[in-house]
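Asks: These are the residues of each chain, in order.
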Amino acid sequence: MTSPAIEAARQAPGVVVATEPRRRGAFARTWWLYALLVVGLLFVIGPFLWMLLSSFKPQSELVRAPPTWLPETWTLTNYDRLFTKLDFPRYFFNSVLIAGSVVLANIVFCSMVGYALAKLRFAGKNLVMLLVLATLMVPGSVTVIPLFVLMSKFDLVNSYWAVILPFAVGPFGVFLMRQFMQAIPNDLLEAARVDGARELRIFWKVVVPLSWPGMAALGIITFLASWNSFLWPLIVLTDDRMYTLPVALGTFAIGQYQADYGLLMAGAVALVLPIIVVFLLLQRQFTESVASTGLKG
Amino acid sequence: MAATPVPTGAQPRQAAPLSARLAPHLTGWAFALPFVLLFLAFWALPIVASFVLSLTDFGITNLREPFGAPYAGLDNYSKLIHDELFWKSARNTAYFVVVGVPATIAVGLAVAVGLNHAALRLKGLFRVAYYLPVVTSIVAVAVIWRFLYNPDVGLINRLLDLVGISGPNWLGDPHLAMPSLIVLGVWRNFGFDAVIFLAALQAIDPALYEAARTDGATAWQVFRRITLPLLRPALLFLTVLTTIGYLQVFEEPFVMTKGGPLNSTLTVSQLIYNQGFKFFNLGYASAIAYALMLVIAVLAVVQFRLLRPET
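Protein chains in written order, with our numbering: chain A, 4 to 300; chain B, 218 to 528.
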């Protein structure tokens with residue numbers, strides 16, 4: 004895979020200088036780049052297309068060798084079974100409720116502490132910042148065992164609280180909001196203070212309206228993390244009425260439905276499609292928030 | 218926040234200086250407190266507790282009375298050192314990291330350089346499409362890829378059939394299972410690296426390239442001496458982040474191979490899960506988790522030192 008990189012690098016600087024004059028000539032010289040990128044596109048999109056097509060095939064067609072490309076008989080029976088045989092609406096509801104709560108909590112709490120760390124002076128501030136930075140890279144698999152002990156002790160296993168509370172705040176969210184709020188001009192805040200506004204009012208009327216893009220980025224990132232999270236919900240949600248979509252799909256995929264590919268593909272669609280739709284609607288915010296946080300980090 | 222003291226003017230004379238001095242601290246803490254409490258309970262405390270747990274024989278019966286767990290000293294750690302399965306899982310995880318991280322970053326960089334081509338149309342479309350796997354659930358894509366890898370009815374062997382090759386049993390062969398998981402890892406993650414690299418590439422001043430060309434630099438020299446050094450912060454960020462992520466690989470083997478065949482895809486995170494939540498050896502599982510955290514911390518520090526931008 005290094006040769007396209009080198010090839011492209013060889014071309015890139017030259018074209019930067021000479022773009023404007025000949026656009027048609029540019030295509031003639033770059034057709035191979037399009038060819039490579041389209042092959043990459045098929046590699047990336049292929050598995051999703053296969054998932055979608057397979058979810059409409061009956062089981063008899065799925066296990067036939069060689070398999071068909073397009074469904075010979077289009078059927079909704081796989082989706083029907085998600086509702087009748089399994090309780091996917093319930094898992095969907097659990098996932099939405101949990102992800103929604105986590106997003107809301109993160110936006111509220113991380114904005115508040117982000118503001119305090121960026122713009123207020125108080126004793127112990129550096130300590131709070133140090134704590135955040137120190138845990139920025141702590142792996143999830145280290146905290147799950149003590150968290151499970153904690154949740155068992157307080158009888159919270161198999162409750163929504165068990166999956167919401169540990170992710171209600173996170174070091175990344177604080178870091179992001181602090182970075183974002185540092186960019187707010189101090190003059191604005193001082194002007195409000197001179198006018199006699201209390202800090203909470205300043206926060207609500209000045210800081211929050213200016214921080215929407217940061218909050219949106221945090222919201223998107225925490226929603227994704229929560230919607231897709233697996234290890235902790237798998238551990239702490241053992242009653243199948245509490246399953247989230249990934250826990251349900253992962254558990255069924257290695258359990259009694261492991262060869263039922265039609266059902267599994269329909270389940271994967273239920274898990275993946277909402278995210279793809281949201282992503283396509285908000286893709287600019289997605290990639291730009293990722294790119295900007297990445298460069299700061 | 219309601220507890221914030223009223224401004225100094227309303228206070229009696231003697232009290233005014235003290236409350237005036239305290240007020241900013243109280244305001245600061247009012248904003249920070251909800252976060253600090255949640256953070257201490259669910260992040261800081263578990264990190265400390267994990268180490269304490271690793272020094273005990275914590276089992277399922279101790280869940281009701283956590284403080285009654287028998288102290289075991291460093292027994293769990295000496296058990297770890299002699300545990301063949303732990304070393305097996307450590308080697309498997311190292312395999313995944315050592316091959317997977319450079320592969321993911323190389324593909325991401327290649328795609329970013331391609332997308333940064335000035336004459337390229339449809340840049341936005343490619344960027345969105347390549348990013349798609351990054352936002353989707355690992356469990357879902359692992360389920361999809363297990364189906365793709367299926368030796369009899371999977372798409373991959375179907376495509377190989379078309380060109381007359383009879384494909385192997387990807388996930389059933391101890392030598393092929395891990396590489397197959399790495400391919401999925403690269404597929405799922407390279408889009409993230411590409412977006413970060415692309416942003417970094419676009420931030421490079423074109424004047425630098427022009428100057429280099431005027432000086433007669435070859436394209437390879439330009440890439441090697443200008444582009445690559447300026448990508449260093451992005452490279453550092455992605456190396457550290459991808460390494461931390463890959464060291465904890467869990468979903469892919471959980472869904473696709475259950476660690477098999479012959480434990481060839483058993484990872485450290487899976488071992489922690491099995492020990493902790495299948496056998497409820499929570500003390501021993503904590504020791505493995507702590508060892509993993511140490512490795513992650515050491516690797517992150519080493520990578521920071523090696524790749525830190527020269528200033």
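These are computed hints drawn from the structure, not numbers from a lab. Remember, predicted model here, so these are calculated numbers, not experimental data. Yeah, the Cβ is synthetic: ideal placement off N, Cα and C, and Gly gets one too. Check before you lean on any hint, since a few could be wrong.
[Claimed, not checked] Calculated pairs, DSSO-like style, for lysine-lysine (alpha carbon to alpha carbon, straight line, at most 30 Å):
no.: 1; chain 1: B; residue 1: LYS296; chain 2: B; residue 2: LYS475
no.: 2; chain 1: B; residue 1: LYS296; chain 2: B; residue 2: LYS495
no.: 3; chain 1: A; residue 1: LYS88; chain 2: B; residue 2: LYS305
no.: 4; chain 1: B; residue 1: LYS495; chain 2: B; residue 2: LYS305
no.: 5; chain 1: A; residue 1: LYS88; chain 2: B; residue 2: LYS296
no.: 6; chain 1: B; residue 1: LYS495; chain 2: A; residue 2: LYS156
no.: 7; chain 1: A; residue 1: LYS208; chain 2: A; residue 2: LYS128
no.: 8; chain 1: A; residue 1: LYS122; chain 2: A; residue 2: LYS208
no.: 9; chain 1: B; residue 1: LYS305; chain 2: A; residue 2: LYS156
no.: 10; chain 1: B; residue 1: LYS495; chain 2: B; residue 2: LYS340
no.: 11; chain 1: B; residue 1: LYS495; chain 2: B; residue 2: LYS475
[Stated by the list, open to error] Which chain B residues stay away from chain A? Per the calculated CB distances, all over 12 Å, these:
no.: 12; residue: ALA289
no.: 13; residue: TYR294
no.: 14; residue: GLU301
no.: 15; residue: LYS305
no.: 16; residue: TYR312
no.: 17; residue: VAL315
no.: 18; residue: ASN367
no.: 19; residue: ASN374
no.: 20; residue: PRO478
no.: 21; residue: ASN480
no.: 22; residue: ALA517
no.: 23; residue: LEU523
Asks: With reference to the structure, classify each hint as holding or not holding.
Replies: Here is what the structure says about each hint:
Of the pairs offered as hints, the one joining LYS296/B and LYS475/B holds, with about 24 Å between alpha carbons and a cut-off of 30 Å not exceeded. Between LYS296/B and LYS495/B, the direct Cα distance comes to roughly 18 Å. Compliance with the 30 Å bound is thereby established for this hinted pair. At most 30 Å may separate the alpha-carbon atoms for a hinted pair to count; LYS88/A and LYS305/B exceed this at roughly 39 Å. Of the supplied pair hints, the one linking LYS495/B and LYS305/B holds, its CA atoms being roughly 19 Å apart against a limit of 30 Å.
A hinted pair counts as satisfied when its Cα atoms are at most 30 Å apart, and LYS88/A with LYS296/B does not qualify at roughly 45 Å. Taken as a hint, the LYS495/B and LYS156/A pair is honoured in the structure, with Cα atoms around 19 Å apart against an allowance of 30 Å. A C-alpha spacing of about 24 Å is found between LYS208/A and LYS128/A, which places the hinted pair at or below 30 Å, so the restraint holds. Only pairs whose Cα atoms come within 30 Å are accepted, and LYS122/A paired with LYS208/A is accepted, the gap being roughly 15 Å.
For a cut-off of 30 Å, the pair hint linking LYS305/B to LYS156/A is broken: about 34 Å separates their Cα positions. Distance check on the hinted pair: LYS495/B and LYS340/B sit about 47 Å apart at the alpha-carbon level, beyond 30 Å; violated. A threshold of 30 Å between alpha carbons decides the hint, and for LYS495/B with LYS475/B the separation of about 13 Å falls inside it, so the pair holds. No beta-carbon of chain A is positioned within 12 Å of the beta-carbon of ALA289/B; the least distance is around 15 Å.
With a cut of 12 Å on Cβ distances, TYR294/B stays outside the contact zone with chain A, its closest approach being about 15 Å. Listed as outside the interface, GLU301/B is consistent with that label: its C-beta sits roughly 21 Å from the nearest C-beta of chain A, beyond the 12 Å cut-off. Its beta-carbon lying about 17 Å from the closest one in chain A, LYS305/B satisfies the requirement of being farther than 12 Å from that chain. Against the 12 Å criterion, TYR312/B stays outside the reach of chain A, whose nearest CB is about 18 Å from its own CB.
The Cβ of VAL315/B lies farther than 12 Å from every Cβ of chain A, with a closest approach of about 17 Å, so its non-interface assignment holds. Distance check on ASN367/B: its Cβ comes as close as 8 Å (rounded) to a Cβ of chain A, failing to clear the 12 Å threshold; non-interface status is violated. Not every Cβ of chain A is farther than 12 Å from the Cβ of ASN374/B; the closest lies at roughly 9 Å, contradicting the non-interface assignment. Distance to chain A confirms PRO478/B as a non-interface residue, since its nearest Cβ pair spans about 15 Å, more than 12 Å.
Taking the minimum C-beta to C-beta distance to chain A, about 16 Å, the non-interface status of ASN480/B holds against the 12 Å cut. The beta carbon of ALA517/B sits about 6 Å from the closest Cβ of chain A, which is not more than 12 Å, so the claim that it is off the interface is violated. The claim that LEU523/B is not at the interface with chain A holds, since no C-beta of that chain comes within 12 Å of its own (minimum 16 Å).
Checked against the numbered hints given earlier, the structure breaks hints 3, 5, 9, 10, 18, 19, 22 and satisfies all the rest.
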